[in-house]
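S.K.: In terms of my numbering, the sequence shown opens at residue 3 and continues consecutively.
Because the hints were derived from the structure by calculation, they are not lab data.
FRET-style restraints, in silico, Cβ to Cβ: (1) Ile-68 with Ala-128: 28 to 34 Å; (2) Ala-114 with Pro-79: 34 to 40 Å; (3) Pro-53 with Ser-90: 47 to 53 Å.
All residues carry an ideal CB built from backbone N, CA and C; glycine is no exception.
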Amino acid sequence: TFLDQFTGSYPAFIIGLFECICIAYIYGTCHFHEDLKAMLGSRNCGVRLYPIFQICWLFITPGIIIALIIFTSIHYPPLKLGRYTFPSWSYKLGWGLTSLILSGIVLYAIYAIIFDLLIKRKSFRALINPEKKWGPLLEQNRKKLRYYSCGQQGALVSVINLIINRSLSNQTLARSKGMAKKTYFFIAHVLPTGSNVLNSE
3 TFLDQFTGSY
13 PAFIIGLFEC
23 ICIAYIYGTC
33 HFHEDLKAML
43 GSRNCGVRLY
53 PIFQICWLFI
63 TPGIIIALII
73 FTSIHYPPLK
83 LGRYTFPSWS
93 YKLGWGLTSL
103 ILSGIVLYAI
113 YAIIFDLLIK
123 RKSFRALINP
133 EKKWGPLLEQ
143 NRKKLRYYSC
153 GQQGALVSVI
163 NLIINRSLSN
173 QTLARSKGMA
183 KKTYFFIAHV
193 LPTGSNVLNS
203 E
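Please model the entire structure based on the sequences and the hints provided.
M.R.: Written out as structure tokens, the structure reads:
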């Protein structure tokens, strides 16, 4: 009962929620659907039901998991095994086990981000976008995929890329304005002064 409560329910809910977020909002439902069609075939993958699957991946499944987490946290009955009631300190131990299970995912994600940013010198955009070599190992399986033709990224990745593109465009615009001001100053002040010096000589 104790292990089932703290190592089976909450970690499964939280890990499942993060999987839904990663697949739907980062990797992209279109890419995930292409993977399923490559593995199972178009007939077995429910092509006509894809809009329903997409709604489930984006909204229904994460919403149900969040509701279950909130409901189980609010309505939390005391743990009992027959007539024995677990003491209060056992709850701290249970939450410690839950945190220990989830810490592996968080710590490895932090390590991968720091390693790619600081050691490999990759940009943040490169971390959230797939590489060109991403995909199945065999070439015949790669031909079955339509990653680039579907052209849909995860919603979260699209928003982050949009913010990065706008910041880069603003930086480029600011640099161009700075260069224009310097060029105008050079033409308006430096060139006339130099020409006057030459004429006086």
